[in-house]
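Protein chains: 2
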Amino acid sequence: MSLDGAAGTFLREQVGPAGPWRPQPAHALMPSRLTAQDLAPLAAIVGESHVQVDDAARLAATGGASYLDWARHRAGDRSDAPDAVIRPGSAEEVVAILAAAQDRRIRVVPIGGGTSVVGGLREDRPHVALVLDRLGVLLTVDEVSHLAVVGPAATGPRLEPLLAARGLTLGHIPQSWARASIGGYVATRSAGQASTGYGRIDDMVEALTVATPMGLLRLGRGPSSAAGPDLRSLFIGSEGALGVITDVTLRVRPLPTQRRYEAVVFPSFAAGVAAFRSIAQGRVTADVMRLSDEAETRTTLALSGPRGAASAALGRYLRARGVDVTQASLAILGWEGTDGAYVVDRRRATWRLLKDHGAVALGRRAGESWRRGRLDGPYLRDALMDAGYLVETLETAIDWRSYLDLHENVTRAIEDSLVSAYVMSHLSHVYETGASLYTTIIAVADQADPVAQWRLAKNAAMEVIVDSGATVTHHHGVGRDHASWLVNEWGALGLKVLASAKQVVDPHGVLSPGVLLPEDRP
Amino acid sequence: MSLDGAAGTFLREQVGPAGPWRPQPAHALMPSRLTAQDLAPLAAIVGESHVQVDDAARLAATGGASYLDWARHRAGDRSDAPDAVIRPGSAEEVVAILAAAQDRRIRVVPIGGGTSVVGGLREDRPHVALVLDRLGVLLTVDEVSHLAVVGPAATGPRLEPLLAARGLTLGHIPQSWARASIGGYVATRSAGQASTGYGRIDDMVEALTVATPMGLLRLGRGPSSAAGPDLRSLFIGSEGALGVITDVTLRVRPLPTQRRYEAVVFPSFAAGVAAFRSIAQGRVTADVMRLSDEAETRTTLALSGPRGAASAALGRYLRARGVDVTQASLAILGWEGTDGAYVVDRRRATWRLLKDHGAVALGRRAGESWRRGRLDGPYLRDALMDAGYLVETLETAIDWRSYLDLHENVTRAIEDSLVSAYVMSHLSHVYETGASLYTTIIAVADQADPVAQWRLAKNAAMEVIVDSGATVTHHHGVGRDHASWLVNEWGALGLKVLASAKQVVDPHGVLSPGVLLPEDRP
Numbered sequence: 001m002s003l004d005g006a007a008g009t010f011l012r013e014q015v016g017p018a019g020p021w022r023p024q025p026a027h028a029l030m031p032s033r034l035t036a037q038d039l040a041p042l043a044a045i046v047g048e049s050h051v052q053v054d055d056a057a058r059l060a061a062t063g064g065a066s067y068l069d070w071a072r073h074r075a076g077d078r079s080d081a082p083d084a085v086i087r088p089g090s091a092e093e094v095v096a097i098l099a100a101a102q103d104r105r106i107r108v109v110p111i112g113g114g115t116s117v118v119g120g121l122r123e124d125r126p127h128v129a130l131v132l133d134r135l136g137v138l139l140t141v142d143e144v145s146h147l148a149v150v151g152p153a154a155t156g157p158r159l160e161p162l163l164a165a166r167g168l169t170l171g172h173i174p175q176s177w178a179r180a181s182i183g184g185y186v187a188t189r190s191a192g193q194a195s196t197g198y199g200r201i202d203d204m205v206e207a208l209t210v211a212t213p214m215g216l217l218r219l220g221r222g223p224s225s226a227a228g229p230d231l232r233s234l235f236i237g238s239e240g241a242l243g244v245i246t247d248v249t250l251r252v253r254p255l256p257t258q259r260r261y262e263a264v265v266f267p268s269f270a271a272g273v274a275a276f277r278s279i280a281q282g283r284v285t286a287d288v289m290r291l292s293d294e295a296e297t298r299t300t301l302a303l304s305g306p307r308g309a310a311s312a313a314l315g316r317y318l319r320a321r322g323v324d325v326t327q328a329s330l331a332i333l334g335w336e337g338t339d340g341a342y343v344v345d346r347r348r349a350t351w352r353l354l355k356d357h358g359a360v361a362l363g364r365r366a367g368e369s370w371r372r373g374r375l376d377g378p379y380l381r382d383a384l385m386d387a388g389y390l391v392e393t394l395e396t397a398i399d400w401r402s403y404l405d406l407h408e409n410v411t412r413a414i415e416d417s418l419v420s421a422y423v424m425s426h427l428s429h430v431y432e433t434g435a436s437l438y439t440t441i442i443a444v445a446d447q448a449d450p451v452a453q454w455r456l457a458k459n460a461a462m463e464v465i466v467d468s469g470a471t472v473t474h475h476h477g478v479g480r481d482h483a484s485w486l487v488n489e490w491g492a493l494g495l496k497v498l499a500s501a502k503q504v505v506d507p508h509g510v511l512s513p514g515v516l517l518p519e520d521r522p
Numbered sequence: 001m002s003l004d005g006a007a008g009t010f011l012r013e014q015v016g017p018a019g020p021w022r023p024q025p026a027h028a029l030m031p032s033r034l035t036a037q038d039l040a041p042l043a044a045i046v047g048e049s050h051v052q053v054d055d056a057a058r059l060a061a062t063g064g065a066s067y068l069d070w071a072r073h074r075a076g077d078r079s080d081a082p083d084a085v086i087r088p089g090s091a092e093e094v095v096a097i098l099a100a101a102q103d104r105r106i107r108v109v110p111i112g113g114g115t116s117v118v119g120g121l122r123e124d125r126p127h128v129a130l131v132l133d134r135l136g137v138l139l140t141v142d143e144v145s146h147l148a149v150v151g152p153a154a155t156g157p158r159l160e161p162l163l164a165a166r167g168l169t170l171g172h173i174p175q176s177w178a179r180a181s182i183g184g185y186v187a188t189r190s191a192g193q194a195s196t197g198y199g200r201i202d203d204m205v206e207a208l209t210v211a212t213p214m215g216l217l218r219l220g221r222g223p224s225s226a227a228g229p230d231l232r233s234l235f236i237g238s239e240g241a242l243g244v245i246t247d248v249t250l251r252v253r254p255l256p257t258q259r260r261y262e263a264v265v266f267p268s269f270a271a272g273v274a275a276f277r278s279i280a281q282g283r284v285t286a287d288v289m290r291l292s293d294e295a296e297t298r299t300t301l302a303l304s305g306p307r308g309a310a311s312a313a314l315g316r317y318l319r320a321r322g323v324d325v326t327q328a329s330l331a332i333l334g335w336e337g338t339d340g341a342y343v344v345d346r347r348r349a350t351w352r353l354l355k356d357h358g359a360v361a362l363g364r365r366a367g368e369s370w371r372r373g374r375l376d377g378p379y380l381r382d383a384l385m386d387a388g389y390l391v392e393t394l395e396t397a398i399d400w401r402s403y404l405d406l407h408e409n410v411t412r413a414i415e416d417s418l419v420s421a422y423v424m425s426h427l428s429h430v431y432e433t434g435a436s437l438y439t440t441i442i443a444v445a446d447q448a449d450p451v452a453q454w455r456l457a458k459n460a461a462m463e464v465i466v467d468s469g470a471t472v473t474h475h476h477g478v479g480r481d482h483a484s485w486l487v488n489e490w491g492a493l494g495l496k497v498l499a500s501a502k503q504v505v506d507p508h509g510v511l512s513p514g515v516l517l518p519e520d521r522p
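Residue numbers (my numbering), protein chains in the order written: chain H, 1 to 522; chain Y, 1 to 522.
Since the hints were derived computationally from the structure, they do not count as laboratory data.
This one's a predicted model, so the numbers in the text were calculated from it and none came from an experiment.
Glycine included, each C-beta is placed from N, C-alpha and C at the ideal position.
Honestly, I wouldn't trust all of these hints.
[To be verified] Stretch-level coverage of chain Y by chain H, calculated; a stretch enters the list once three of its residues show a Cβ under 8 Å from a Cβ in chain H:
| hint | region |
| --- | --- |
| 1 | 127-139 |
| 2 | 333-341 |
| 3 | 473-480 |
[Stated by the list, open to error] Here are the in silico distance ranges between beta carbons for each label pair:
| hint | chain 1 | residue 1 | chain 2 | residue 2 | range |
| --- | --- | --- | --- | --- | --- |
| 4 | Y | Q503 | H | T393 | 33 to 41 Å |
| 5 | Y | T140 | H | G322 | 33 to 41 Å |
| 6 | Y | V144 | H | D133 | 30 to 38 Å |
[To be verified] Some residues of chain H that are not near chain Y, with every Cβ distance over 10 Å (derived):
| hint | residue |
| --- | --- |
| 7 | V53 |
| 8 | L162 |
| 9 | M424 |
Turn these sequences into a full structure, and let the hints steer you where they fit.
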């Protein structure tokens, strides 16, 4: 996406002019810090050809897609490249690799799509990257139970066509869909754009196999259990620090034959939030529910909305229905299914509640347009950085009662911590008791010290989030960037419980050290 | 309920005649094995009046509602009575009690309603019962977020009227509703009779506070989180072995204003299972979905169905619609909500699928009749034991593909392990990927050694369950009776993880030892 034309004008007006931010040539990789004695036992397990130490392989296995990662890479810094890349061919080989790595105290960072936005893959000490692309995509399908056993080589684009051939879909569509792996979804408790209808990834996991230095765990029997604590939940979201997910049994759904996406405008974000709450609590949710605040709505209209006379006509259309376009809050609603009549029923029930909150229909074209463009965000981010802008997102979730206060306080904290920031948010997952809040920040980048600038804004936002009782992260995970706040989520005793679990499966701490659980580093 | 008339005749015909099983007078309680030195520090925390050692208090705090518990008690055996009863007045007092108990290595068994059917409260070594009825019922309500903070003194009958006064309901209705505590629901991962629509209790928990000998844990922020593993799931289902739940933040729902329950008959259990599967996978579920197999259907018709001419008329009505009454499978479906039109829509969508599987409507009267009688089971059990019958239930869950095989194999294994057993089952919770199976067993009791007779049947059923990949328990928990099978659910490494969590919060193992995690007892 280019920043010429409307987008460039909008940015200069709203954020201010910025100088281009030119990527520096990548520094030469430092030679692999692993010795022949380190690598020989690994090669004995997977075969020589599946242990790579050349620059190309190491760079290809360097992950991370956070603003901090991109800023580092833009400066030419590749110190987070692994010292070797290992590609095991089976779950048993993964266990053997982990045990061998433990013997020699070699750090192991499992990597899927490399799309962590929270520093989950950022490691500059000697380590191997465990790449799982030989372990299969779709291993088995149970078409009666609607269960698919999926391997760690699966990504959305690889998996969905195989499922579609059987009339099924996973329906998990995060913005990282093009690259993220299914194992990564599970390891980070991912939520996709249709998660209101399809559920978070944690809702889809019936069973999983986890390889650890101490052996394999096979967790999950049947659709649900009361056999004590749910140990699956300790490994879902474990971000590579408690093991390597070698397969996942996922609930899949019939591929929808009916689909209706439409756009709606509310007179204010508060009205939209009230409508979404009533829909969630009335249990008449659409499968996709997304509500932009006033700032995000203005951006959307400026960048992709109608122009000129059409824009004026939209303003008149809304005004006639009691909506001031400058205060408007844009929503996308999508219903999917195989029973056309029931899709219609569900939409009608949703609309009964939408109308109570002053919703004005914008029709299917705008809805479909959002659906087609919904994976473009990451590409836009690169263009914004090229143009000299800091662009970062953060997300959380909170109960309905505190939702608007949190939105206001997070927005203000970020605006106060940055010079001339443009802050815009949306709500993209509703629960009966609350909803997610996803905030995008654009500011003129401090190219001299982007990390310090980022940290200031991040700390300001996190302080508000933690103080308000919201979750540290709703769907991006902990990584390194949130590790210091994990104690706010689970408490010191909770972290001890988590650390004790790690101690059992990874007693020497070779698995993604510093990720998830904070580490005392000298 | 009396076993005269139709019920008695049915039992004698189907199971065989049995002699009455007379309860023996309760043995005298052994004197409390706790010393004044044991009790003084506890009394210093909660006050003298909240430490009771008299027989009446100890007997009232003796729990357990399994067949084994009832058979023991029927023999006069009260060796599982606690040595003292402690009633703390706050969460902080609970922590202090647990720490003091740890200091003196006194076993602590938290007790809610005392309705464990898996030996979760059966302890014959010296111990104190921790009774939580001073800790409040409904602590706070957030009517915007639909969240209620509930104390451990809450039971269904205490909580629901308080919620109803605000137009809300929890909607969790297990058969133990009259007595079970909400903390007990959470500690055992309970599922109620409307769990298809309202969710299992684990689906309702947004946050919980857990007191342990090492301090308080406060787990859960916001409606959902990706902040690493979900530690709530380690304490939901922890059955008193990892801590004492001192409050729970639960999602509540609007009290339904519309309610429609109806009965349906399928030509066979297999047809009903296929229908229920298509409904679950079509995501058009009713809130209550219950399907009896042929044996349970015959029992229901014999005990509470129409008699004489009316019964013959029912046979003709079904036959005219292609259903042989002797092969019939009875289902109950219930829809609830606040939007009448949407309740109608949902019912219509369900019926489109029901018809594909040969369902015949029996109307609302039979549905309402089930709803009114749905909590009677436990009372019937006492009457059956009085009449000399073993009566036991077991439950599991499995994927749809294996459902009918499991049903057949469990039924046969139990029939083969007992002389002339009557075995009947139902399905009462559907998931997209599978369903629960709940089996009731009636046989002539071996009054001389009911434990040995029970163990034979239990082992036979559990072997089938474990071998088929089904869960050890879908909604009754582990207790002592399932503890030896927990390794089949989570594996040896999984149990080590669980034991390490216990080690952190209860390093001296004073909390419900032997419950959940098997114990090496000398």
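Hints, verified against the model:
1. With a threshold of 8 Å between beta carbons, the proposed coverage of the region 127-139 of chain Y by chain H is violated, since 0 of its residues qualify and at least three are required.
2. Proximity of the region 333-341 of chain Y to chain H, defined as three or more residues with a beta carbon under 8 Å from a beta carbon of that chain, is established by the 4 residues found.
3. Evaluation of the coverage hint for the region 473-480 of chain Y: fulfilled, as 6 residues show C-beta separations to chain H shorter than 8 Å, against a requirement of three.
4. Checked against the hint of 33 to 41 Å, the C-beta distance between Q503/Y and T393/H comes to roughly 39 Å, which is consistent with it.
5. As the Cβ distance of T140/Y to G322/H is approximately 36 Å, the hint placing it in 33 to 41 Å holds.
6. Distance hint check: the CB atoms of V144/Y and D133/H are about 47 Å apart, inconsistent with the given range 30 to 38 Å.
7. Consistency note on V53/H: stated as away from chain Y, and its beta-carbon is indeed over 10 Å from all of that chain's, at 32 Å minimum.
8. For L162/H, the requirement that its beta carbon stay farther than 10 Å from each beta carbon of chain Y is met, with the minimum near 19 Å.
9. Distance check for M424/H against chain Y: the nearest CB is about 21 Å away, which clears 10 Å, and the non-interface claim stands.
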